[in-house]
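A.B. asks: So you can see what is in the structure, the chains are spelled out below.
Protein chains: 2
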Amino acid sequence: MSYQKSTNVSWQDGKVSLQDRYKLIRQRGATLWMTGLSGSGKSTIAIALERALFEKGFLSYRLDGDNIRLGINKNLGFSAADRKENIRRIGEVSKLFTDAGIITLASFISPYQKDRDIVREIHQQSGLVFIEIFVDCKLESAEKRDPKGLYKRARKGEIKNFTGIDDPYETPSHPEIHLISDRMSVEDEVEEIIKYLSEIEILV
Amino acid sequence: MSYQKSTNVSWQDGKVSLQDRYKLIRQRGATLWMTGLSGSGKSTIAIALERALFEKGFLSYRLDGDNIRLGINKNLGFSAADRKENIRRIGEVSKLFTDAGIITLASFISPYQKDRDIVREIHQQSGLVFIEIFVDCKLESAEKRDPKGLYKRARKGEIKNFTGIDDPYETPSHPEIHLISDRMSVEDEVEEIIKYLSEIEILV
Numbered sequence: 002m003s004y005q006k007s008t009n010v011s012w013q014d015g016k017v018s019l020q021d022r023y024k025l026i027r028q029r030g031a032t033l034w035m036t037g038l039s040g041s042g043k044s045t046i047a048i049a050l051e052r053a054l055f056e057k058g059f060l061s062y063r064l065d066g067d068n069i070r071l072g073i074n075k076n077l078g079f080s081a082a083d084r085k086e087n088i089r090r091i092g093e094v095s096k097l098f099t100d101a102g103i104i105t106l107a108s109f110i111s112p113y114q115k116d117r118d119i120v121r122e123i124h125q126q127s128g129l130v131f132i133e134i135f136v137d138c139k140l141e142s143a144e145k146r147d148p149k150g151l152y153k154r155a156r157k158g159e160i161k162n163f164t165g166i167d168d169p170y171e172t173p174s175h176p177e178i179h180l181i182s183d184r185m186s187v188e189d190e191v192e193e194i195i196k197y198l199s200e201i202e203i204l205v
Numbered sequence: 002m003s004y005q006k007s008t009n010v011s012w013q014d015g016k017v018s019l020q021d022r023y024k025l026i027r028q029r030g031a032t033l034w035m036t037g038l039s040g041s042g043k044s045t046i047a048i049a050l051e052r053a054l055f056e057k058g059f060l061s062y063r064l065d066g067d068n069i070r071l072g073i074n075k076n077l078g079f080s081a082a083d084r085k086e087n088i089r090r091i092g093e094v095s096k097l098f099t100d101a102g103i104i105t106l107a108s109f110i111s112p113y114q115k116d117r118d119i120v121r122e123i124h125q126q127s128g129l130v131f132i133e134i135f136v137d138c139k140l141e142s143a144e145k146r147d148p149k150g151l152y153k154r155a156r157k158g159e160i161k162n163f164t165g166i167d168d169p170y171e172t173p174s175h176p177e178i179h180l181i182s183d184r185m186s187v188e189d190e191v192e193e194i195i196k197y198l199s200e201i202e203i204l205v
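Protein chains in written order, with the working numbering: chain A, 2 to 205; chain B, 2 to 205.
What the hints contain is simulated information worked out from the structure, not anything from laboratory work.
Nothing false has been slipped in among the hints.
One copy or any two copies: either way a pair holds, since identical chains are not told apart in the list.
Once the Cα atoms are required to be at most 20 Å apart in a straight line, the calculated SDA-like pairs of lysine to any residue come out as:
1. Lys115 x Val130
2. Lys115 x Ser174
3. Lys16 x Lys149
4. Lys75 x Gln125
Chain A with its partners taken away, still in its complex shape (with noise of 0.2 Å):
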């Protein structure tokens, strides 16, 4: 039994590494970057996998509006600014998650390309694993789910540069798993997606 308890302490010196909480956890922390309109069903798919990873007894943490845009970055708004500043302070916890040895499961809109990029940077810049899963749906399929009524709201011109809209949403240019939403079942791409972590050795 590796993650066992022990009950006394023993002293030896030196900062943990990576490699040893990797080991103390039997799992290797990556970064899962969801991206794709609002409704492509980036949160359903975080969700699902998060279980599934659970189930498989690996510890994932999923990131998204609901506790980063309440917390972290309730300070920021929707200028272009604040947005850019919203995908750097995610991309940096999401980098200190990885880094602590979670599989940590990022969904945001994140339109701009630039963005993402900077957010693998920040990864690849420490030697850690940054995964963009591209949740590719057809505007028309978004808008017609449509979870919370945004794009109505939208089209009422209630809400201003709403991405898909009246705000352009950048197609990842090379996203490690691309995932068609609109044509697959939240089952088969959390298969996917597990698929690819066994093959990159994150799932051993």
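The hints should help you fit chain B onto chain A, whose structure is shown.
C.D. replies: Chain B only, in chain A's frame:
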């Protein structure tokens, strides 16, 4: 073996809860907030504590100037407003880590009671454990140590608003743990923290 990675995905609905995560990694999350003067020994204690927890099979993660000031807070300076925002963001990150089930070791001077109380509140509002650890050290002792040569520079006026020199350090009014770092050994300090964590059943 409770931290078993199964090879089958069994489908279950619903979000993974805090309790689920605690069960999976067999520990409860908690934020251990180390506050004290520059040079009081906060980081030294955090590094030794991280090692001791690791040896006992517990996953902890250190947040400190190295990974925060160069990352998520790299766009903050040392004005009053920026210092407050610095602590607020660290508090929010600590909260997320603790929510994930990690024993979070945050070591920052954090000189103002009000800012520390905000961090405490952020945790308590979400039912998360926050433990304030006062790393108490006489100014003379900290200045004598001066591991980074900062006191020398502050005395010369090269650094303004330096805590203890020309900016106040507000002594914690209700810390859960009070360590006298210029009289205790690091080993004793770590033992005292571990004893406390056992008593409140963070370590079981």
